[in-house]
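With the hints as extra help, turn the sequences into a complete structure.
2 protein chains.
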Amino acid sequence: MSVVDLSKQVALGIDIGGTNTKFGLVNHRGEILIKGSLPTDQYSTPEAFVDALHEQIQPMIDEHCEGKKIEGIGVGAPNANYYRGTIELAPNLPWKGVINFADLMTAKFKSPCKMTNDANAAALGEMMYGAARGMKDFIMITLGTGVGSGIVSGGHLIYGHDGFAGELGHTIVKPGGRKHWSTGSEGSLEAYASATGIAITAKKMRAEFPDSMLNQYPEEAINSKTVHECALKEDPVAVEVFRYTGQKLGEALANFVMFSSPEAILLFGGVIKAGDFILKPAKLHMERNLLPIFRSKVRLVFSELDEADAAILGASALVWEK
Amino acid sequence: MSVVDLSKQVALGIDIGGTNTKFGLVNHRGEILIKGSLPTDQYSTPEAFVDALHEQIQPMIDEHCEGKKIEGIGVGAPNANYYRGTIELAPNLPWKGVINFADLMTAKFKSPCKMTNDANAAALGEMMYGAARGMKDFIMITLGTGVGSGIVSGGHLIYGHDGFAGELGHTIVKPGGRKHWSTGSEGSLEAYASATGIAITAKKMRAEFPDSMLNQYPEEAINSKTVHECALKEDPVAVEVFRYTGQKLGEALANFVMFSSPEAILLFGGVIKAGDFILKPAKLHMERNLLPIFRSKVRLVFSELDEADAAILGASALVWEK
Numbered sequence: 139m140s141v142v143d144l145s146k147q148v149a150l151g152i153d154i155g156g157t158n159t160k161f162g163l164v165n166h167r168g169e170i171l172i173k174g175s176l177p178t179d180q181y182s183t184p185e186a187f188v189d190a191l192h193e194q195i196q197p198m199i200d201e202h203c204e205g206k207k208i209e210g211i212g213v214g215a216p217n218a219n220y221y222r223g224t225i226e227l228a229p230n231l232p233w234k235g236v237i238n239f240a241d242l243m244t245a246k247f248k249s250p251c252k253m254t255n256d257a258n259a260a261a262l263g264e265m266m267y268g269a270a271r272g273m274k275d276f277i278m279i280t281l282g283t284g285v286g287s288g289i290v291s292g293g294h295l296i297y298g299h300d301g302f303a304g305e306l307g308h309t310i311v312k313p314g315g316r317k318h319w320s321t322g323s324e325g326s327l328e329a330y331a332s333a334t335g336i337a338i339t340a341k342k343m344r345a346e347f348p349d350s351m352l353n354q355y356p357e358e359a360i361n362s363k364t365v366h367e368c369a370l371k372e373d374p375v376a377v378e379v380f381r382y383t384g385q386k387l388g389e390a391l392a393n394f395v396m397f398s399s400p401e402a403i404l405l406f407g408g409v410i411k412a413g414d415f416i417l418k419p420a421k422l423h424m425e426r427n428l429l430p431i432f433r434s435k436v437r438l439v440f441s442e443l444d445e446a447d448a449a450i451l452g453a454s455a456l457v458w459e460k
Numbered sequence: 139m140s141v142v143d144l145s146k147q148v149a150l151g152i153d154i155g156g157t158n159t160k161f162g163l164v165n166h167r168g169e170i171l172i173k174g175s176l177p178t179d180q181y182s183t184p185e186a187f188v189d190a191l192h193e194q195i196q197p198m199i200d201e202h203c204e205g206k207k208i209e210g211i212g213v214g215a216p217n218a219n220y221y222r223g224t225i226e227l228a229p230n231l232p233w234k235g236v237i238n239f240a241d242l243m244t245a246k247f248k249s250p251c252k253m254t255n256d257a258n259a260a261a262l263g264e265m266m267y268g269a270a271r272g273m274k275d276f277i278m279i280t281l282g283t284g285v286g287s288g289i290v291s292g293g294h295l296i297y298g299h300d301g302f303a304g305e306l307g308h309t310i311v312k313p314g315g316r317k318h319w320s321t322g323s324e325g326s327l328e329a330y331a332s333a334t335g336i337a338i339t340a341k342k343m344r345a346e347f348p349d350s351m352l353n354q355y356p357e358e359a360i361n362s363k364t365v366h367e368c369a370l371k372e373d374p375v376a377v378e379v380f381r382y383t384g385q386k387l388g389e390a391l392a393n394f395v396m397f398s399s400p401e402a403i404l405l406f407g408g409v410i411k412a413g414d415f416i417l418k419p420a421k422l423h424m425e426r427n428l429l430p431i432f433r434s435k436v437r438l439v440f441s442e443l444d445e446a447d448a449a450i451l452g453a454s455a456l457v458w459e460k
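In order, the protein sequence lines correspond to chains A and B. For the first sequence, our numbering begins at 139 and goes up steadily by one. For the second sequence, our numbering begins at 139 and goes up steadily by one.
Simulated from the structure, these hints should not be mistaken for laboratory data. Do not rely on the hints blindly, as some may be mistaken.
The list treats identical chains as one, so a pair stands whether inside a single copy or across any two.
Think about it this way: if two alpha-carbon atoms lie no more than 25 Å apart in a straight line, the pair counts; the simulated BS3-like pairs of lysine-lysine are [said to hold, decoys possible]: (1) K435 to K234; (2) K317 to K435; (3) K312 to K421; (4) K312 to K418; (5) K317 to K160; (6) K146 to K160; (7) K146 to K435; (8) K421 to K146.
Written out as structure tokens, the structure is:
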């Protein structure tokens with residue numbers, strides 16, 4: 139029996155986004171040996187995209203991996219299905235329909251390929267290398283352009299019957315509330331707590347308060363970053379934008395806690411740069427909506443992973459996952 | 139190595155309710171060999187209660203079990219903790235504080251004892267013997283005096299970090315909505331979809347509509363049974379009571395589906411006697427609140443187990459669970 143040197147095992151982690159795709163070779167310790175990127179939206183077919191990936195990555199594998207072989211490939215992508223290895227009807231990718239992406243990758247790279255959606259991959263990465271190390275029950279919420287989620291229960295990601303579990307951004311927090319720009323649903327968490335939702339809230343509120351600092355910006359410059367700038371300068375309207383957002387987030391989190399009773403909820407993504415402006419009201423409204431047996435038990439924490447690397451690490455973690 | 143005859147293995151299943159406790163000796167096939175009950179509320183200490191249980195059950199074990207031994211004890215009880223084997227701060231039981239119930243049982247019966255809350259036990263029973271046979275991902279919702287839930291993901295009950303996961307009756311479906319008579323929370327599913335909630339809705343609605351048949355009953359006779367009688371006689375207000383209840387239930391179910399993506403949702407308990415009056419609006423509002431990728435996939439079904447036996451079977455299933 140040969141002894142395996144874990145530090146020599148290398149996985150390929152790939153994070154496919156609507157505009158850019160990032161990839162890296164990652165060892166068992168979560169060290170990214172080398173990384174790169176290419177533009178997703180310049181390849182009209184998934185086959186052309188996989189060819190381009192291979193052309194760019196294979197030389198890196200040849201250089202960095204002993205015996206010229208990787209242990210496996212992990213891919214995080216929107217609407218990726220864990221069971222089927224497919225990308226299905228992803229609205230923000232250039233390729234339509236159901237794509238057997240894992241098969242394409244395996245055929246090209248001669249290596250097994252596992253896939254899941256980007257938020258699930260982020261949760262795995264956090265469990266292996268980040269703030270969730272040692273945790274068996276936690277929920278990861280990604281607050282970016284959209285709101286994604288990955289739910290870990292008993293040490294395993296919840297994939298559900300069809301592999302699409304964990305769409306917490308689309309749960310309804312305010313029935314009959316704000317109409318979602320893309321899904322058409324009314325009052326979803328994403329409609330309020332995503333960067334897009336925050337910009338909508340900010341535009342509404344600044345119209346009500348002509349004195350707000352937020353009115354010094356042109357319409358297209360209103361986003362969670364500029365709202366944060368105004369909040370730091372103590373503009374009460376900007377502060378209220380985040381307070382309201384935090385309230386909606388906290389109300390949603392309370393429901394999630396009563397579902398799976400996690401040890402912690404990890405927040406990740408651009409929106410969390412607002413820090414306590416969002417975190418404090420989120421915590422308050424989560425606690426007040428919890429049954430007493432759940433109160434003061436669940437930690438609300440920010441991700442520890444560098445945002446640029448987290449997606450690659452998370453995708454590579456799929457390879458090491460049992 | 140001896141061959142184990144599974145049909146000869148017997149578990150003791152106990153369902154502790156606020157008023158009554160039911161128990162039975164159950165074999166591996168889910169056949170209840172013998173059953174009985176005793177009044178929970180007549181024992182002022184858990185020790186006296188366990189003594190009384192033992193006195194009544196041990197003769198049954200001696201008669202029905204080979205070698206005078208049972209494989210184990212499974213207990214379903216309100217606020218029971220799976221990890222700790224405790225009953226904690228149960229508002230409707232006569233014993234206060236945190237009770238090491240499993241230890242008391244094991245000391246008395248000389249047999250291992252596992253516990254979980256009643257709705258989790260019902261979900262296990264349904265998975266082993268009922269409508270969820272062969273399913274790995276489903277959610278059980280019990281609609282009785284209160285609303286309970288058991289969530290199965292990847293073939294396992296979700297217990298969460300502290301053993302209290304699955305309190306879906308207390309998730310908020312209407313922020314700022316109806317105040318719960320016991321928890322004080324506003325707009326929880328239980329406030330609308332429990333038998334208690336239905337009676338409240340019916341009393342409100344009949345006051346608005348003096349012509350409703352519901353006004354022919356005295357205040358104390360308004361419950362889901364009498365509302366059902368009026369709905370069967372086509373009283374539009376009674377029908378609306380169930381439609382409204384079904385809507386709130388369906389909105390909540392949509393959120394649950396986007397959490398764990400189950401194959402089916404099983405409904406159980408007295409309230410489901412209203413049948414299609416509740417099921418049809420629940421289905422409609424669940425579907426309309428789902429993301430397209432979840433639509434027309436999740437079956438909404440009624441429990442197949444006899445209500446009186448389900449709790450005992452479910453508790454005994456804890457013993458066979460891996």
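Results of checking the hints against the structure:
1. For a Cα distance limit of 25 Å, the shortest separation of K435 from K234 across copies, 21 Å, qualifies, whereas the shortest one inside one copy, 44 Å, does not.
2. For the homomeric pair K317 and K435, the shortest alpha-carbon distance between copies (24 Å) is at most 25 Å, but the shortest distance inside one copy (33 Å) is not.
3. When the C-alpha separation of K312 and K421 is checked against a cutoff of 25 Å, the pair qualifies both within a copy, at 18 Å, and between copies, at 19 Å.
4. In the homo-oligomer, the alpha carbons of K312 and K418 lie at most 25 Å apart both inside one protomer (20 Å) and across protomers (23 Å), since each shortest distance falls under that limit.
5. In the homo-oligomer, the alpha carbons of K317 and K160 never lie at most 25 Å apart, since the shortest distance is 32 Å inside one protomer and 49 Å across protomers.
6. For the identical chains of this complex, K146 and K160 are intra-copy neighbours only, at 22 Å inside a copy versus 59 Å across copies, given an alpha-carbon limit of 25 Å.
7. Neither within a single protomer nor between protomers do K146 and K435 lie at most 25 Å apart by alpha-carbon distance, with minima of 39 Å and 44 Å respectively.
8. Taking the shortest Cα distances, K421 and K146 never come within 25 Å of each other, neither inside one copy (42 Å) nor across copies (53 Å).
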